[in-house]
Structure formats: C-alpha cells, structure tokens
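**Q** Given next are the chains, with one letter for each unit.
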Amino acid sequence: MAGRRTLIFLICSGILLPGALRAQPAGHDVTGTVTDSVSGQPLEGVNIVVPGTVMGTATGPDGIYRISGLPAGPHALRFSMIGYALATDTVRIRSDSTVRLDEQMHPTALQSPQLVVTGEKRSVQVTESPVSIGTIGTSDLRLRMPTTINEILPYQPGVQMVGGQINIRGSSGYTRGAGSRVLVLIDGVPVLASDSDGMYWDVVPTTEIQRVEILKGPGSALYGSNALGGVVNIITRPISSHAQTILQGQGGLYTFPSYPSWRWREAPLLTGQWHASHEQRLGKIGYRVGLGQQSSAGYYQNGWFRRWSLDGKISYDPSDNTHWDGRIFLVDDTHGVFTQWRDAHQPFNAPPETLGDYLTNHQVQTALNYSHQASPRLAHTWRTTYYRKAFQNYQHDNDDYSTSHILTTEWQTDYQASGRHFLTLGLQASLESILANVWRDHSGITLAGYFQDEWRLTPLLRMVFGLREDISRIDRFAVRSQLNPKLGLNYHLTDLWSLRASVGRGFRAPSIAERFTQTTQHIFQIVPNPDLHPELSLSWEVGTHYQGPRLRTDLALFSSRFTDFIDPVRDPRTGTISFQNITDARITGIDFSTEFQVPGLPVQQTIGYTYIDPRDLSQDTVLAYRHRHSVVTATKVLLNRRAVLSLEYQFRSQMERVQVFPTNPVTGADRLVPVHLLSLHGFYRFSPNLTVRLAVTNLLQYYYVMFERNMGPPRQIQAGFEYSW
Amino acid sequence: MKRSLIILVSTLFLAACEQGLQPVTGFQGTVYFPADSTGTVSWPDSLTGAVVVFVNAEALNLLNPSFSQLARNILGFTNPLDTSREDQPYFLEALPDKPYLAGVIASTVPIGSLLGLPADSLAVHPEYFHVLGLHHSPGGSLPFKFIYVDQEEITPGIDIHCDFNYRLSF
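First to last, the protein sequences are chains A and B.
Number 712 in the numbering used here belongs to position 712 of the first sequence; there are no gaps in the numbering.
Counting from 1 along the second sequence, just add 1000 to a position and that's the residue number in the numbering used here.
One chain only, chain B, in its complex shape:
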C-alpha cells in the first residue's frame, strides 16, 4: 500500500513540476516587397525565394560588410516567404538583451532546400544569395537599426522594406 502510494505521489509530483514548452521571446514585423499599383510583385526570374534572417550584431564588422560575414553570424531564419504576396508578417525567436540585425535574403537556388545547412556552407556560396533589405529606421541615416528584445516579450514593428536592386553597404 505504502509503496503504491509513494509511486503514485511521485508520479504526480514529477509530472506537475515539469512545465514543458512555454511562450518564447523574439521579434516580429512585416516584410514588404515592391509591388506595382495592382499589388503584384514582379520577382526577378533569377530569384527562387526569400527568408528573413537575423544575425548577432556584436560579431559583425560594420565597417566592412559582406554576405559571407553575415552568413557566418546568422542566428536563425524564417520559413520561406510567400513570393506572391506584397507584404507578410514574420516572427523570429531570439534571446533578450542582445543586439541583432534582421534582413531579407533571397536565393538563386531553391531556398527551402538550403535551410538547415551550417552557416559556413552558406558563407562559401555568396553567389547564391542577394540581400533584399535590412530593418532600419525610416528616414534614418543608417541603413540598419539594432534590434533589442525585452525579457518575456515579443518586440513588434521590426518591418523590413525590400528592394530587388538593394546593395549591401553600411
């Protein structure tokens, strides 16, 4: 009897103590692609898809930006964006109290198949990728803006405006 009760109580205690997955912290916003007056986005034939990525800003040399440098510091990315839409929301999970940069990267090869590859693999193939835009302050002097995530919160408004002729330069 005692043994059975101990097993039962231990079971309940163990199960009740564990909390499992909980809401995450991160940032969210909307990606805007250039569209004509009818809302149609004309993607260049060379680009097959795009994702939002974010990088550890502390590790970047902002005086000498390059795709390889960005690729090596990618912390995460979204699922491929819907290329038929002019705008779409996204979310990225990120830890609080660190500076990040977020941008949209398009690829000339099927981008879905490249997700999950080590950052080094992406970095050695810069020819596959084009940066379409970084999150920045509208009207600001800098082409980027650091993103900070608060404790237990989702930071909103991290919008990214894309340009198919964007050139990466800080």
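So that you can see chain A by itself, here it is in the shape it has in the complex:
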C-alpha cells in the first residue's frame, strides 16, 4: 500500500517536473541599492524576496541587487538583514523593462534573523512560522569563538548537548553516539554519518558558518528519518563579491583544577587553532578555499586531539535566474579516547590501561546544488551530496573500524499556485554502503517523496500542510515504509505578533550501529539486535512570537508522545547491552525566550527558560540523561561601536536518572549535581580589517559531570584575532 502511494507520487512528479523545467523566465527587472539609513553606507548581504513568488536575491558588496523576470503589475519586495528592521516596499512595473527601487534599512538593537529557511524548506518570516525555530546569527558565532559548532548550541533555549549528542527539548538523551533524534543539515543537506547516525561536529569549520537554524519539534514531514526531535540546519556563508583573504587564529588554555589531587598533568593544558581562507569572484564564477588546524591537550587525560581541515566552495551564476554551487570539506582528525574517569578521587584521569587509546577519523563531505527560477511562480532546486567517513580505533581492547559512504540526491520544486497556495514538492534518494568490523558490512537504499502546501486562508491566517513518505531497505531485511504528515497554523495578530499551532508525526529508523554493533569498549559489552524497528512520535505545539525593533519574545507549550522508543538496555542475566524498542515515552514542556534592549542603555539582555517533563510511560519513571529545568541568559554590553562584552550564564538542573552508574544512595558515589556555567565573551574591532577577541568559559571553575563519570570542562581562557585584507 505504501509502495503504491509512493509510486503515484513519483509518477505525478515525473509529469509535473519536465513541464516545469521547460518554463522560461520572462518579464521585467527590478534593481536598486540598499543602504543603511543612518550611515548611508551600502549594505552587502541583504536578503530580498518577492512575496507571492519564488523569486529572491541578495545585495552585492556595493549594496546593489537585481531581480529579473517579474511580470507587469505591483509587487512587494521584502528586505531583511540581521541587525536591521524588516522592510517592505512596493514597486509597480508597467512597460519599462527595468524598474529602479532603492531602499534604506533602519538599524535595530536586536540581532535575531527575521527570515528562516528550515521550517518549510524555503525563506519564511519567523513570525509567520507555525513551528518554533531558534537561530544563531553571525554576530553570536564571531563573539563566542567555538572550536566546533556544538559548543555554542546550548546557548539556545531548549537545546542541550549530552556527551556530544544534541538534545532538542530533551529528545535524545545519551546513547554514546549511536543514533540521533535530531537531524543535522549543512545548507539543507543531511550530514549524519550513515553507520552510527551520529553527528561529527568538526566536519564544518566554524569560520565558514553564516548562521544556524534550529527547528524545535518533529521535521520528518519534510526531512524524513532522524528529524524526530528537531532539525539543526548549518548554513554556510556565501562567497563575497570582492576578493578577500581572512586569517583567523586563537589560542588558550584550560586552567588546572583547584584541587591538587585532581591535577593530572604539570604542563599547561593548551588549545589552539587557525584558519586561513581566500575568496574571489571572477565574472560569474566565485570560489573560496580554506585551510585550518586545531589542536588541544584536552582538559582530561587522553582528551587531546589534532585536526586538519581543508574546505572549498565554488559558485557559478550563468544567469540572473540560475545558480550553481558546490562545496567540499575534508577533515583529518586524531584524538585520544576517554570512556570514563579512573575513579572519583582522580576524576580527570583516565584508567591506566586506556592511556594509549586513540582513534583516527577521516571525513569527506561534498555537495553540489543547483537552483533555477523558471518563472516568477516556479523554482527548482537540485541537491546532491556525498559523505564518506572512516574511523579506526587503536585501543587496548578493540581495533574497531568502519568506513561509510552515503550518496543523497534530492529534487525540490516550489510553485506559487495562486495568491493563496504555495506548493513544495520533492523527491529524495539515498544510497549507503558500510564496511566495518564493529557492525559488519551493510548496504541500504532509501527513497522518499514529500509534498507541502502553504495555504493563506485569510491575509492573517496561514496554514501549512505537509506529507512525506520514506521507503527504505537495509541489506535483505524487509522493506520498511513510513508516512509522516504535519499540519501547522499561524495567525498574525499584528505585523509583529503572531500565534501558532502545529501537530506532526516524527520517525526515526534505527541506525546501523544500534542494530548491528558487536564490540567491547572498556567495561561495556554491546551485542546486536537486528530486529530493532523504527520509533515514532506524535507531537503538538502551541506558541506565540513577537518580534519588534527592541523586543523579541517567544513562548511555546509542547508535547511529544513516543512509541517504540529505542534505548540501550542491560540484560540482567548476562550484563550485556543492546538497543531495544523498550518503551513508550512522553516529553511535555514549556519553552520561553526573550531578547530586549535595556531602555536608555547600550545593553541587550537575552533570557531563555525550558522546562521538560520526560516520562518513561512503560516504567513510570523519568527518562535518563535529561535536565528538567534549563536557563540561559546573556547580557551583552555594546561598549562603543568597536567593542562588545557579553556575560552569559547557563543553568541545568541535576539529571534525575542515568543508566549505567546511578548515584549510590549509601556512599554518595557517582553524585550528580546541577550545572552552573558563567562565561565571558568580548571583542574589540581595531579597524575594519582587524578584530581581537577574548573568551573565558566556566569563569567560576564550577565542577560537574556531563553524564556519569565524565567531568565537564573547567575554566577555559582563549584569545584570538581575525585579520582580513
């Protein structure tokens, strides 16, 4: 039945797409210059969209833009840029072939982006989204200087990292990297490794990231498996219109533990990284190449790493309506392996027998994207990506290795059917192959089709309906299919304030690692369970969003009911661990965030609070590895036009349950504590070319465990610079 549905879907798509491809752009051009209303300077990188069509563009370094192919008649153009108020202006096209529209944009105190692309696979105003979306903009990335992007994700309300695994509203817990309930994308393309479904955050250099969007809630109706708890979309920066070379570097150290017995090394615990890139445009072709290196002694024994990265991006614009781009990331990483501490007396020491343990990790991630505006109402996007990841363990008790390949190609068509309906249609296919001793050799194929209708019921009420079917097969196991619908509503109370509601199904196919792993790591013996089947969720959310020039605030109530939840389980007879569809679970909660400018002061305040009630319904207990309460605050002081200082605080309540080493109620061993982290970030811009930065994380040297027998990072001090010419 499911196969027949997909077949019909594919046939319809096959009929629609060739006709769509034949459509040619015709019409008129709109061009102009976008400037800052205060300084009068041209603005580069302003996003411009024409609502009611699929058309859009961005300004070049001289602030100039051009949109081609618009039909005669009145058109609204919407201009957006982080740090500026959203602007909308109208242009009336008569018989002229080119119409000029200049725009002045007004700076605002807040740095939140107004347009997001992740919720509906196209650019949508945040206040029009029926789902919760968090964003991390360029300014936050540059301020916080992360080595890898996962370091700053917990500054977002509702987002936590547990042992490198991302949790959105408590979805994932901790499974030692096997399986993820959050899908991670780079420029809209999935980048989870095909063997473990884990995310290797070092695959993309942070210097190449323009912004990050976080969809909080299921995204399977557009993105398929893994988007059970949410989606993280890492968006790389475009190639600059002018030639430039950027050199970035930073160095620092972890301070020694306050207690002498915890000190594990006499030499300083140094960290360092640098990245150099050059980008240029030669006519219609633009390119960027970059090279970087990162290294760290680690803050715990065997926590060292050395990493090289090579990255490149190329773009080609053969016409105003067609765009090609490709990118490649190569990462070569070697790092020590730390499974758990030696003992509570020496919590930063590794067990003696593991001291020589390390692993190597090589990754190649490439993508080729094509987009074409066939007419003002029709646009196509084609994305193809290939990801190869290979690791080899050199550990005292195992020499596990795995090499995985995944090739994914996707076609997406956007069609403005009428003034009220905007249709999105897509097909996706993935081929994967895995060669490994730890979970054996496997191959698989996934086919998927999706459809989305954005229906503007009234000028103020917008409904989004979506549906996606995934069909997958691993080796010779039975074909599995899954249909995931979603429905969202957004009602605009005013231009700045909206209400939203959504309901949707999420699904996650078990990873190869969860089904087939057979290994021993330190004291953990893991055995396979090939009969594992997918887990499902049904989620709803109601929320409200306000975004004005001095205040942004968002409130959401949410609930997700999971069935066939996959979790690691210890066999009481043998003590071995395997992944099982153990339970039904429910996570209900509140997510609140606000950002405002303090009146009369150059101070921006951000506050976020998330409460979750993570229940294991089968066992009537709480789900493991979740923090019930979390708070994030940031007080950002704009000292002058050149300097910014930000004081940030994170609180996470004590985990109520862990799975392997719970707190011993008699001896107090394996004690868990809440997390309190205070951090300071700042930068000073000496000139347009030179910026220096300072960061102190865990300022008060607070000690906690991230999960059992793994200490969190102590105080880290870093200084860095960025020089461009």
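Do not take every clue at face value.
To be verified - Ranges of calculated distance between the beta carbons of each label pair, as one might list FRET restraints:
no.	chain 1	residue 1	chain 2	residue 2	range
1	B	Arg-1085	A	Arg-263	21 to 27 Å
2	B	Pro-1034	A	Gly-164	38 to 44 Å
3	B	Gln-1022	A	Phe-721	36 to 42 Å
Calculated directly from the structure, the hints in this document are not laboratory data.
Just so we're clear, the structure is a prediction, and the values are computed from it rather than from any experiment.
Note that the Cβ used here is the ideal one computed from N, Cα and C, for glycine as well.
Put chain B on the given structure of chain A with help from the hints.
**A** Same frame as chain A, but now just chain B:
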C-alpha cells in the same frame, strides 16, 4: 535598568554560591596478585576478571560468612582490574566514620558486564564468583581488618594480597 541589574546580580550570586563537585573521601591501596619470578601472573582459565569491592561491616554476620552475604552488602566496586599486572593501585569512595571490609572478587563470566547489576542479582549467582583475598593486617590473627575513613581524607595503605586458592572463612 533595575530589572537588568537584578537579573545580572542574581545570576552571579546563584552561580557563585554553587560549589559543584568536590574531592571525595574514601580509601586507597594496592592489589597484589601472585606472580612468578618474572613478574608474570598466571590466571586460572576459569576466571575472566576481578574487581575490588567493599562492604558494610556492620551488616555482616562475621561468624557465618558467605559470598551471598557479602554480595548483598556490597557498597561499591572499582573498574575491572588489569589482569596482566602483578600489582595495581585502586581507590574506592566511602563515607567517613563507618567500618568497612574490602576484598577482591574474581568472576567466571565477563565481570565488566556484571557491574552495575543490583547486589541481589550477584547474590543469587555465587557460582560466578571467587573471593581472592580480603584486606587484613600482615601477620595478624584475623583474616580481615576493618577500614575506617577520616573526615575529608583519603585513607591510604588498604592493600589486598590475592591468592587464587583463597577460601572465604573468618
């Protein structure tokens, strides 16, 4: 302005008040396995690994010792010991001012996989385990010695000498 200052000061105050994890109390020592003149330990084929455990001595019936009784009163254990080494240090976290007994237990099934199971589960399978030795005073008349931990301190010298033919008897 006032509100922002209150938030900032409250944040700093909350963060500064919390101390987080601190050094623990407990005892430490060295486990010695019998080795030949070259320092090689010849483990019986039936044994797969060993850990140091400690038990609440107040709860034991010292006149009628048994593995089941020990297992039910286990308070904690180390990671599996390195079976290739003749001697190795260990540490166990324990609260002050209580009497404990410490010993080495070996297993005939993979011991790492059994860690974390409830004590009752261990107690019902005494056939899986062998006691290789208890901490005692060298030359003393008793086969065990109570261990006491002082406030805010680590008690050193809790060594355990193992014997693959050890028989549990008080």
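**Q** Do B/Pro-1034 and A/Gly-164 keep their Cβ atoms within the hinted range of 38 to 44 Å?
**A** holds (42 Å)
**Q** Return holds or violated for the Cβ distance of B/Gln-1022 and A/Phe-721 against the range 36 to 42 Å.
**A** holds (37 Å)
**Q** B/Arg-1085 and A/Arg-263, beta-carbon distance inside 21 to 27 Å?
**A** holds (24 Å)
Figure legend: structure checked against the earlier numbered hints; every hint is met.
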